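Chemist: Just so you know, the sequences run in chain order H and V.
The working numbering numbers the first residue of the first sequence as 7 and each following residue consecutively.
The working numbering numbers the first residue of the second sequence as 212 and each following residue consecutively.
No wet-lab data here; the hints were simulated from the structure.
Since this is a predicted model, take the numbers as computed values, not measurements.
Glycine residues also receive a C-beta, built at the ideal position from the N, C-alpha and C atoms.
Misleading hints may appear alongside valid ones.
Stated by the list, open to error - BS3-like cross-link-like pairs, simulated, lysine-lysine; straight-line CA separation at most 30 Å: (1) V:Lys229 - H:Lys48; (2) H:Lys63 - H:Lys48; (3) H:Lys75 - H:Lys65; (4) H:Lys48 - V:Lys228; (5) H:Lys85 - H:Lys48; (6) H:Lys65 - H:Lys85; (7) V:Lys229 - H:Lys69; (8) H:Lys65 - H:Lys48; (9) H:Lys63 - H:Lys85.
Said to hold, decoys possible - Incomplete in silico selection of chain V near chain H, CB under 10 Å: (10) Gly239; (11) Asp241; (12) Tyr244; (13) Gly251; (14) Leu254; (15) His255; (16) Tyr259; (17) Tyr261; (18) Glu267; (19) Gly269; (20) Gln299; (21) Cys302; (22) Asp313; (23) Thr314; (24) Tyr316; (25) Gly318.
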Amino acid sequence: EDQVTQSPEALRLQEGESSSLNCSYTVSGLRGLFWYRQDPGKGPEFLFTLYSAGEEKEKERLKATLTKKESFLHITAPKPEDSATYLCAVQGASGGSYIPTFGRGTSLIVHP
Amino acid sequence: EADIYQTPRYLVIGTGKKITLECSQTMGHDKMYWYQQDPGMELHLIHYSYGVNSTEKGDLSSESTVSRIRTEHFPLTLESARPSHTSQYLCASSDPAAEPTDTQYFGPGTRLTVL
Chain H
7 EDQVTQSPEA LRLQEGESSS LNCSYTVSGL RGLFWYRQDP GKGPEFLFTL
57 YSAGEEKEKE RLKATLTKKE SFLHITAPKP EDSATYLCAV QGASGGSYIP
107 TFGRGTSLIV HP
Chain V
212 EADIYQTPRY LVIGTGKKIT LECSQTMGHD KMYWYQQDPG MELHLIHYSY
262 GVNSTEKGDL SSESTVSRIR TEHFPLTLES ARPSHTSQYL CASSDPAAEP
312 TDTQYFGPGT RLTVL
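Whenever a hint applies, use it, and build me the whole structure from the sequences.
Modeler: Below, the structure is given as structure tokens:
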């Protein structure tokens, strides 16, 4: 069974204070690892898909990296508008349905 | 930006009522999903569909039904709402033909409160 654990559960940063969110996973045959941003009361917004260890993707102040056991979402010089819950999900090859498994997310608050 | 829509956005109803949550997408995606999400918790899969006339049950499907008569439309029905159904319901879609794998795109969600 695929599993995803995100840490920390909550993170408070000052504006400009860089940090990283962690997503540890176990999966049978990784097809993809996904990062989403979710604002309160809204649906998750797609950020990145990573497919293989060593891959990196960037978008503005966000950079996602992937190893064989975990992924990091690095936030460089965050701004208050980066405050949101960040969700990680993995899609494995077992079972054939290819339904992603989600973690509980990390709630990020960036103070001005 | 993903073109996937959910209605209503908010719904407050009494116990025992039958309700249908609507979900539509204009991307032509074959796969569609329904998730339930409570605050601070992971998304739980309720139902999913591979395409027209295809529906599958997820982890929390026993009290709801879905249909897929058209590619773009995937409604979720609760036959008799209970307070335990109070939650956020999220619809998503993906293109299984995408390589190397399909990414899910989510709608804005329906916040359901059952009194």
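Chemist: Indicate, hint by hint, whether the structure satisfies it.
Modeler: Going down the list of hints, with the structure as the test:
| no. | hint | verdict |
| --- | --- | --- |
| 1 | V:Lys229 - H:Lys48 | holds (24 Å) |
| 2 | H:Lys63 - H:Lys48 | holds (24 Å) |
| 3 | H:Lys75 - H:Lys65 | holds (22 Å) |
| 4 | H:Lys48 - V:Lys228 | holds (25 Å) |
| 5 | H:Lys85 - H:Lys48 | holds (20 Å) |
| 6 | H:Lys65 - H:Lys85 | holds (14 Å) |
| 7 | V:Lys229 - H:Lys69 | violated (45 Å) |
| 8 | H:Lys65 - H:Lys48 | holds (21 Å) |
| 9 | H:Lys63 - H:Lys85 | holds (20 Å) |
| 10 | Gly239 | violated (17 Å) |
| 11 | Asp241 | violated (12 Å) |
| 12 | Tyr244 | holds (8 Å) |
| 13 | Gly251 | holds (7 Å) |
| 14 | Leu254 | holds (4 Å) |
| 15 | His255 | holds (9 Å) |
| 16 | Tyr259 | holds (6 Å) |
| 17 | Tyr261 | holds (9 Å) |
| 18 | Glu267 | holds (7 Å) |
| 19 | Gly269 | holds (8 Å) |
| 20 | Gln299 | holds (8 Å) |
| 21 | Cys302 | holds (8 Å) |
| 22 | Asp313 | holds (7 Å) |
| 23 | Thr314 | holds (5 Å) |
| 24 | Tyr316 | holds (6 Å) |
| 25 | Gly318 | holds (5 Å) |
The earlier numbered hints that this structure contradicts are 7, 10 and 11.
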